[in-house]
Amino acid sequence: MVKLRLKRCGRKQRAIYRIVAIDVRSRREGRDLRKVGFYDPIKNQTYSNVPAILYFLEKGAQPTGTVYDILRKAEFFKEFRVDFDKKERKNKNHE
1 MVKLRLKRCG RKQRAIYRIV AIDVRSRREG RDLRKVGFYD PIKNQTYSNV PAILYFLEKG
61 AQPTGTVYDI LRKAEFFKEF RVDFDKKERK NKNHE
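Just so you know, we're using this note's numbering here: the sequence shown kicks off at 1 and counts up by one.
These are computed hints drawn from the structure, not numbers from a lab. There may be inaccurate statements among the hints.
As the list claims (entries may be wrong) - With a Cα cut of at most 25 Å, we get these calculated BS3-like pairs of lysine-lysine:
1. LYS73 to LYS59
2. LYS73 to LYS7
3. LYS78 to LYS43
4. LYS12 to LYS43
5. LYS59 to LYS78
What the hints assert, rightly or not - Pair by pair, the computed Cβ-Cβ distance ranges are:
6. TYR47 to ARG11: 13 to 23 Å
7. ARG8 to TYR55: 17 to 27 Å
8. ASP23 to ASN49: 14 to 24 Å
These figures come from a predicted structure and were not determined experimentally. Positions of the beta carbon are idealized from the N, C-alpha and C atoms, including for glycine.
Based on the provided sequences and hints, a complete structural model is requested.
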């Protein structure tokens, strides 16, 4: 299974994160399938490669909670009308 998750980069105390598509079994700094964006929490900047993210979401990739929140703040789901809602999926899994 593929996930969209954060990969830590940068130096000590000045972390930036890449948003990558990566296999679930890989480590955080493991080999990624593709880099699809980055997030800088210090400057509060986000860059996302929209076609790549849409491609992986269509193929069934699941964003982690943090990546989902970052994309939601960037209004990614509103703009592209992706049929993905974390809360609805949790409720469906429990029934």
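Okay, the hints, checked on the actual structure:
Between LYS73 and LYS59 the CA atoms are separated by roughly 23 Å; this keeps the pair inside 25 Å, and the hint holds. Restraint check for LYS73 and LYS7: the C-alpha separation of about 19 Å stays at or below 25 Å, so the hint holds. A C-alpha spacing of about 24 Å is found between LYS78 and LYS43, which places the hinted pair at or below 25 Å, so the restraint holds. Between LYS12 and LYS43 the alpha-carbon distance is near 16 Å, which keeps this suggested pair within the 25 Å criterion.
About 19 Å separates the Cα atoms of LYS59 and LYS78, which keeps this hinted pair within 25 Å; it holds. The hinted range of 13 to 23 Å is satisfied by TYR47 and ARG11, whose Cβ atoms lie roughly 19 Å apart. Evaluation of the 17 to 27 Å hint for ARG8 and TYR55 yields a pass: the beta carbon distance comes to about 24 Å. A beta carbon spacing of about 19 Å between ASP23 and ASN49 agrees with the range 14 to 24 Å that was offered as a hint.
When each numbered hint is compared with the structure, no violation occurs for any of them.
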